[in-house]
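Taken in sequence, the protein lines are chains A and B.
With the first letter of the first sequence counted as 1, position 31 gets the number 81 in my numbering; the numbers rise by one all the way through.
With the first letter of the second sequence counted as 1, position 115 gets the number 165 in my numbering; the numbers rise by one all the way through.
To be clear, the hints were calculated from the coordinates, so they are not data collected in a lab.
Note that the structure is predicted; figures quoted are calculated from it, not measured.
Treat the hints with care, since some could be wrong.
One copy or two, either will do: identical chains are not told apart, so a pair holds if it fits within one copy or between any two.
With a Cα cut of at most 30 Å, we get these calculated DSSO-like pairs of lysine-lysine [to be verified]:
| no. | residue 1 | residue 2 |
| --- | --- | --- |
| 1 | Lys-193 | Lys-139 |
| 2 | Lys-222 | Lys-191 |
| 3 | Lys-193 | Lys-222 |
| 4 | Lys-222 | Lys-139 |
| 5 | Lys-118 | Lys-97 |
| 6 | Lys-220 | Lys-177 |
| 7 | Lys-97 | Lys-222 |
| 8 | Lys-118 | Lys-139 |
| 9 | Lys-118 | Lys-222 |
| 10 | Lys-177 | Lys-118 |
| 11 | Lys-193 | Lys-220 |
If you want the building blocks of each chain, they are given just below.
Number of protein chains: 2
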Amino acid sequence: MTGELKRNLSSKNKPDQGLVQVFTGEGKGKTSAAMGTVIRALGHGLKVFIVFFMKGEYPYGERNILCKLPNVTLVSFGQETFVDPRHIKLEQIEQAGQALMVARQAILSGDYNLVVLDEINVATAFKLIPVEDVIRLIQEKPKHVELILTGRLADPRIIEIADLVTEMVKIKHPFDKGISARRGIEY
Amino acid sequence: MTGELKRNLSSKNKPDQGLVQVFTGEGKGKTSAAMGTVIRALGHGLKVFIVFFMKGEYPYGERNILCKLPNVTLVSFGQETFVDPRHIKLEQIEQAGQALMVARQAILSGDYNLVVLDEINVATAFKLIPVEDVIRLIQEKPKHVELILTGRLADPRIIEIADLVTEMVKIKHPFDKGISARRGIEY
C-alpha cells in the first residue's frame, strides 16, 4: 500500500468519488477495519452513518466511543441472540428489512460521505434480505457516497460490482486453542 | 465468528490474558482493523498505546480523533517519505530503533492493556529493526498486555509465536483501475 499511496500523494482528490468496499472472509478484523475507516473519515470531518444489521443490543465497546463523537450516526438492528441460518425467525427477517430500509434512506439522502453496512453480507447469505435489493441500492447510490459492506459470505454478485474487496483469511485463531472471546478485544 | 462468540458469551473473562495479534497481507484494512480494535478497547475503559513505526508526520485522519480521546497515547516515528527497501537510509534505521525502544518501554511497563505496533512487520522485513528483538519483546511482555502487530510481510517467526493471525487478501483494489488514494478514506 505504501508505494501506491506515495504515487498518489500529489493528487489531492477529495472523496467525491465514493467507492464500494467489501470486507469479507472468515478471519478477524472485518468490522474493526470498517470502524477504523470510520475514525479516519471522522478525522477529516466527513459525515458517517453506520447500520449494524445483526448486532442487536449487545454492548460492543466501539459504540461507547463512537456515539460520543460528532458527525457519526449509529443505528442497530437484530437481536441479542445470534441468527441460526437453519432456524430463521420472522422477527429476524423484519429486523434485517428495517435495517436495509434505514440504510437505503441514509444512502439515497446523500447527506453522508461514508455509510457502513455492518454484517449485511451475512444478512443476505442467510436470506434475511434479498441480495437483489442490496445490488439495486449499490447501483442507485449517489456518486459521492462511499459504502462499506462487512461480513462473512459476501455474495459473488456483490463482489462483482464492488470496487475494493478484501478477504480476511484466518491463518491462526485463539478460539482454535479454546481461548474464549474477551471483553474489550473481541467485543 | 458469531458462533464462536455465542459459545463464549457466558464466560466473562476480562482481558487479563493478553494475546499477540498479527494483521498482515497485501489487502486493505490492516491498520484500520487495529484502530477499530483500539476504539473497542477504549469503549471498555482499557488503556491503549499506539506506536506508528513508519508513518512519519503524515496527517492520517485517525490521529485527529484518537489524540482527543482519553486513555490512548500515540507516538509516531519514521519520515514523511516512504521507505524504499533498496535504499535504506541511516535515519530510517534510527527512527525504527527509537520506535522499538518506546514500544518496549510501554509494553514492559505493564501500564497498557493494548499496545499497537503499527507497520512493525514492514520495519522488520526491511531490516530496519532485527526480528529477534521483536520476538524477544513478545516473549518478555507482561501476561495481561495485548499486542497487535500490523503490516505486510510479517516474519514467519512472528506468525509462529502469535496467537491470532489474519491475512488481508486483496481480491480487488481500485488502485488497479487507476483510482488514486482519497483523503479521508485511504489516509
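The hints, checked one at a time:
1. When the C-alpha separation of Lys-193 and Lys-139 is checked against a cutoff of 30 Å, the pair qualifies neither within a copy, at 36 Å, nor between copies, at 42 Å.
2. In this homomeric assembly, Lys-222 and Lys-191 come within 30 Å of each other (Cα to Cα) only across copies, at 20 Å, whereas the closest approach inside a single copy is 37 Å.
3. Taking identical chains as interchangeable, the C-alpha atoms of Lys-193 and Lys-222 lie at most 30 Å apart only when they sit on different chains, with a minimum of 20 Å there against 38 Å within one chain.
4. For the homomeric pair Lys-222 and Lys-139, neither the shortest alpha-carbon distance inside one copy (33 Å) nor that between copies (35 Å) is at most 30 Å.
5. Both within a single protomer and between protomers do Lys-118 and Lys-97 lie at most 30 Å apart by alpha-carbon distance, with minima of 14 Å and 18 Å respectively.
6. For a Cα distance limit of 30 Å, the shortest separation of Lys-220 from Lys-177 qualifies both inside one copy, at 25 Å, and across copies, at 26 Å.
7. In this homomeric assembly, Lys-97 and Lys-222 come within 30 Å of each other (Cα to Cα) only across copies, at 25 Å, whereas the closest approach inside a single copy is 35 Å.
8. Within a single copy, Lys-118 and Lys-139 get their C-alpha atoms no closer than 33 Å, and across copies no closer than 43 Å, so neither meets the 30 Å cut-off.
9. Proximity of Lys-118 and Lys-222 under a CA criterion of 30 Å is satisfied in neither setting, with 34 Å inside one chain copy and 34 Å between copies.
10. For the identical chains of this complex, Lys-177 and Lys-118 are neighbours neither inside a copy (33 Å) nor across copies (41 Å), given an alpha-carbon limit of 30 Å.
11. With identical chains, the CA atoms of Lys-193 and Lys-220 are at most 30 Å apart between copies only, with a shortest distance of 24 Å across copies and 33 Å within one.
Comparing the model with each numbered hint stated earlier shows that hints 1, 4, 8, 9, 10 do not hold.
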